[in-house]
Amino acid sequence: MWAVTTTIDRPSVTTNSRQQTVISTAKIVSMSADVMATLQAFYAAEAAYLTEGAEFGEMARHLASDVVMYQAASLPYGGEWHGHDGFRKFIAAMGDSWDGLWFDEQQFLSDGDRVVVHSRGRLRARRTGRELKTSLLQWISFRDGLITEFRPYYHDTSAVLAVLDEQG
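Under this note's numbering, the sequence shown is numbered contiguously, ending at residue 178.
Hints may contain errors.
[Unchecked claim] Pairwise CB distance ranges (calculated):
| # | residue 1 | residue 2 | range |
| --- | --- | --- | --- |
| 1 | 155 | 175 | 35 to 41 Å |
| 2 | 167 | 112 | 16 to 22 Å |
| 3 | 75 | 168 | 32 to 38 Å |
| 4 | 162 | 76 | 14 to 20 Å |
| 5 | 63 | 115 | 21 to 27 Å |
| 6 | 102 | 171 | 24 to 30 Å |
| 7 | 168 | 80 | 17 to 23 Å |
| 8 | 93 | 130 | 19 to 25 Å |
| 9 | 50 | 106 | 31 to 37 Å |
| 10 | 82 | 43 | 16 to 22 Å |
| 11 | 138 | 95 | 19 to 25 Å |
| 12 | 132 | 43 | 40 to 46 Å |
Because the hints were derived from the structure by calculation, they are not lab data. No residue lacks a Cβ here, since even glycine has one placed at the ideal position from N, Cα and C.
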């Protein structure tokens with residue numbers, strides 16, 4: 011059974027048209043507390059890496075040794091990135107593109123060890139200084155409380171590329 015959890019700044023509880031409870035606090039509907047804690051800690055570590063130059067190790071402790079990141083091939087950091095070493099190379103390539111990442115809202119849809127995350131937020135391009143306000147869906151898999159797979163789906167990869175383009 012899929013359950014929805016939403017995290018935003020203002021606490022509220024509502025029921026959507028499918029009679030699913032939407033909660034905007036850290037309270038969990040059916041997602042395990044461990045999975046939610048791992049996601050929140052990972053996202054905080056990712057943002058700190060990009061915006062503050064934090065160490066990769068803070069992210070790595072939430073990743074399985076055989077983690078795989080799949081990125082759209084058209085992006086500067088596109089492709090498949092395998093294991094901790096591959097993920098380290100991916101996040102370094104992403105860091106070459108972006109120096110700011112802020113999540114304004116995230117919604118979580120969970121079915122045990124599989125989570126879909128809808129994120130709305132902003133990215134700031136390192137070379138151009140331009141910001142992109144966008145949304146992103148991520149399919150994330152877990153095993154033994156660690157992240158094993160990321161599959162991000164961008165709202166508009168051409169908008170991502172336009173913000174990164176130094177000629178534009």
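Evaluated hints:
1. 155 x 175: 35 to 41 Å: Once the Cβ atoms are compared, 39 Å apart, the range 35 to 41 Å for residue 175 and residue 155 holds.
2. 167 x 112: 16 to 22 Å: The hinted range 16 to 22 Å holds for residue 167 and residue 112, with Cβ atoms some 20 Å apart.
3. 75 x 168: 32 to 38 Å: Given a distance of about 35 Å, which is inside 32 to 38 Å, the answer is holds.
4. 162 x 76: 14 to 20 Å: Given about 18 Å between the Cβ atoms, the range holds.
5. 63 x 115: 21 to 27 Å: About 25 Å separates the Cβ atoms of residue 63 and residue 115, which means 21 to 27 Å holds.
6. 102 x 171: 24 to 30 Å: violated (19 Å)
7. 168 x 80: 17 to 23 Å: Holds: the Cβ-Cβ distance is about 19 Å, inside 17 to 23 Å.
8. 93 x 130: 19 to 25 Å: violated (30 Å)
9. 50 x 106: 31 to 37 Å: Since residue 50 and residue 106 have Cβ atoms about 26 Å apart, the given range 31 to 37 Å is violated.
10. 82 x 43: 16 to 22 Å: violated (32 Å)
11. 138 x 95: 19 to 25 Å: violated (29 Å)
12. 132 x 43: 40 to 46 Å: violated (28 Å)
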